[in-house]
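**Student:** Single-letter residue listing:
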Amino acid sequence: MTAALLVALVAVVAWLAVEIARRGNASSAARHREAEWLPTEMRRGHLLLAEPRAMRIDTPVKAAAKVDRAYRVDRGVIPVELKTRRQHRVYDADIIELSVQRLVLEGNGVGNVPDTAYVLTAHPDNGSRRLHTVRLIPRDHTAALVRRYQTIRGGREPGQKTDDPRRCMHCGHLLRCRPELADPRPR
Amino acid sequence: MHFKRRHARDDAYAAASDVARLGYCERQIALDRIHGARQTPYQRTRRREGDAAHAAFLRDAQLAGQPIDFDQAKKWCFVATMAFGQDAPETATLRRFRDTVLRRSFAGRMMVRLYYRVSPALCDRIGRYPIAVGACRVALRCCVVPIARILTRSKRCAPTL
Numbered sequence: 001m002t003a004a005l006l007v008a009l010v011a012v013v014a015w016l017a018v019e020i021a022r023r024g025n026a027s028s029a030a031r032h033r034e035a036e037w038l039p040t041e042m043r044r045g046h047l048l049l050a051e052p053r054a055m056r057i058d059t060p061v062k063a064a065a066k067v068d069r070a071y072r073v074d075r076g077v078i079p080v081e082l083k084t085r086r087q088h089r090v091y092d093a094d095i096i097e098l099s100v101q102r103l104v105l106e107g108n109g110v111g112n113v114p115d116t117a118y119v120l121t122a123h124p125d126n127g128s129r130r131l132h133t134v135r136l137i138p139r140d141h142t143a144a145l146v147r148r149y150q151t152i153r154g155g156r157e158p159g160q161k162t163d164d165p166r167r168c169m170h171c172g173h174l175l176r177c178r179p180e181l182a183d184p185r186p187r
Numbered sequence: 001m002h003f004k005r006r007h008a009r010d011d012a013y014a015a016a017s018d019v020a021r022l023g024y025c026e027r028q029i030a031l032d033r034i035h036g037a038r039q040t041p042y043q044r045t046r047r048r049e050g051d052a053a054h055a056a057f058l059r060d061a062q063l064a065g066q067p068i069d070f071d072q073a074k075k076w077c078f079v080a081t082m083a084f085g086q087d088a089p090e091t092a093t094l095r096r097f098r099d100t101v102l103r104r105s106f107a108g109r110m111m112v113r114l115y116y117r118v119s120p121a122l123c124d125r126i127g128r129y130p131i132a133v134g135a136c137r138v139a140l141r142c143c144v145v146p147i148a149r150i151l152t153r154s155k156r157c158a159p160t161l
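Chains as they are written, first to last, in our numbering: chain S, 1 to 187; chain Y, 1 to 161.
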């Protein structure tokens, strides 16, 4: 019985040692990947949130957000939004999303979020990452956007069609909304 | 084409990612409300790529061992959270044991450090198999009972003024 217990203990310790060594390698690889894109101010700061549960606010608007990451740095709390794209570029939608996240973070007492935040674009095939600094929308304008969204979603307004027809090409409502753009090829 | 009807309530919370769609096309929001969200195969593929990238991003944050501030740090108890849930009484007991017993000694702190080093990977492995999660739950429950007794005894033996 004692021998069996000893063998089991040795097996567990050996497994832990292998796992620690493997984790050590994985940790260094992760640290290297992080160092490639993390700016200096965030490296000096603290990772405050990493995909926590969704947070909500009731004032000035009813909104919810789940941040990818948020760092506490000298100038406040900076959210970082990850986007998977084949082109390293930022869209208006990213800025809107981060601006709403700012309202929610501040409304939950996480801290002051300054006017600039980050979008990290990641290429799904080659894994390359690029960090983009974005200027957030003012808070009152962001609240107005949330109300605008709620108005359209509530059916009180039909909403404007996009002025960029390229955005329609992968929309599930293409045939209904813009049949003139519909491609006869199967999607 | 995948069809998913979404019944949006007027007083529901507006998710940041949904509000962001104003930047793409307002009309799509209205059409989703009337006809349901319609995802094309292209969108489903992009969604899968995004989910995988986000999972890797979170894993990098855990593996890189970045110091985490805020309540989120103290709430982390990977294996117990996976087995019981973040707010379960068993998870709370294990957290209390970590904070009131283990962290008070050097050996205990080393054990905690080791646990945080291996547990994300462990959870990643175990979490894929429901049977393994169940077995983990049973094993942890066997530990939680004596730990709860230790905590109760230490509370009783605590010096009172």
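FYI, nobody ran anything at the bench for these hints, they're computed from the structure. Just so you know, not all the hints are guaranteed correct.
[Unchecked claim] Once the Cα atoms are required to be at most 20 Å apart in a straight line, the calculated EDC-like pairs of lysine to aspartate or glutamate come out as:
#, chain 1, residue 1, chain 2, residue 2
1, S, Lys-83, Y, Asp-60
2, S, Lys-66, Y, Glu-90
3, S, Lys-66, Y, Asp-60
4, S, Lys-62, Y, Glu-26
5, S, Lys-66, Y, Asp-51
6, S, Lys-83, Y, Glu-90
[What the hints assert, rightly or not] If you want the footprint, here are the derived chain S segments under chain Y, 3+ residues with CB under 8 Å:
#, region
7, 3-16
8, 28-35
9, 62-72
10, 89-95
11, 100-107
12, 113-119
13, 162-173
By construction, the Cβ of each residue, glycine as well, lies at the ideal position given by its N, Cα and C atoms.
**Student:** Now, for every hint given, state plainly whether the structure supports it.
**Tutor:** Results of checking the hints against the structure:
Distance restraint check for S/Lys-83 and Y/Asp-60: the Cα-Cα separation of roughly 15 Å lies within the 20 Å cut-off, and the hinted pair is therefore satisfied. A hinted pair counts as satisfied when its Cα atoms are at most 20 Å apart, and S/Lys-66 with Y/Glu-90 does not qualify at roughly 26 Å. Under the criterion of a C-alpha separation no larger than 20 Å, the hint pairing S/Lys-66 with Y/Asp-60 is consistent with the structure, at around 18 Å. Distance hint between S/Lys-62 and Y/Glu-26 is fulfilled; the C-alpha atoms sit about 19 Å from each other, no more than 20 Å.
For the hint linking S/Lys-66 to Y/Asp-51, the alpha-carbon distance of about 14 Å falls within 20 Å, and the restraint holds. As the CA atoms of S/Lys-83 and Y/Glu-90 are separated by approximately 36 Å, the hinted pair breaks the 20 Å bound. Residues of the region 3-16 of chain S lying with their CB closer than 8 Å to a CB of chain Y number 1, which falls below the three-residue condition for coverage. A count of 5 residues in the region 28-35 of chain S with a Cβ less than 8 Å from any Cβ of chain Y is obtained; the coverage claim is therefore met, three being the minimum.
Chain Y is given as covering the region 62-72 of chain S, and this holds because 8 residues of the stretch bring a CB closer than 8 Å to a CB of that chain, at least three being needed. Counting residues of the region 89-95 of chain S whose beta carbon lies closer than 8 Å to any beta carbon of chain Y gives 5, which meets the minimum of three for the stated coverage. Check on the region 100-107 of chain S: 3 of its residues sit with their Cβ under 8 Å from a Cβ of chain Y, so the three-residue criterion for coverage holds. Chain Y is given as covering the region 113-119 of chain S, and this is violated because 0 residues of the stretch bring a CB closer than 8 Å to a CB of that chain, at least three being needed.
Only when three residues or more bring their CB closer than 8 Å to a CB of chain Y does the claim for the region 162-173 of chain S stand; here the count is 7, and the claim holds.
Checked against the numbered hints given earlier, this structure breaks hints 2, 6, 7 and 12; the rest are met.
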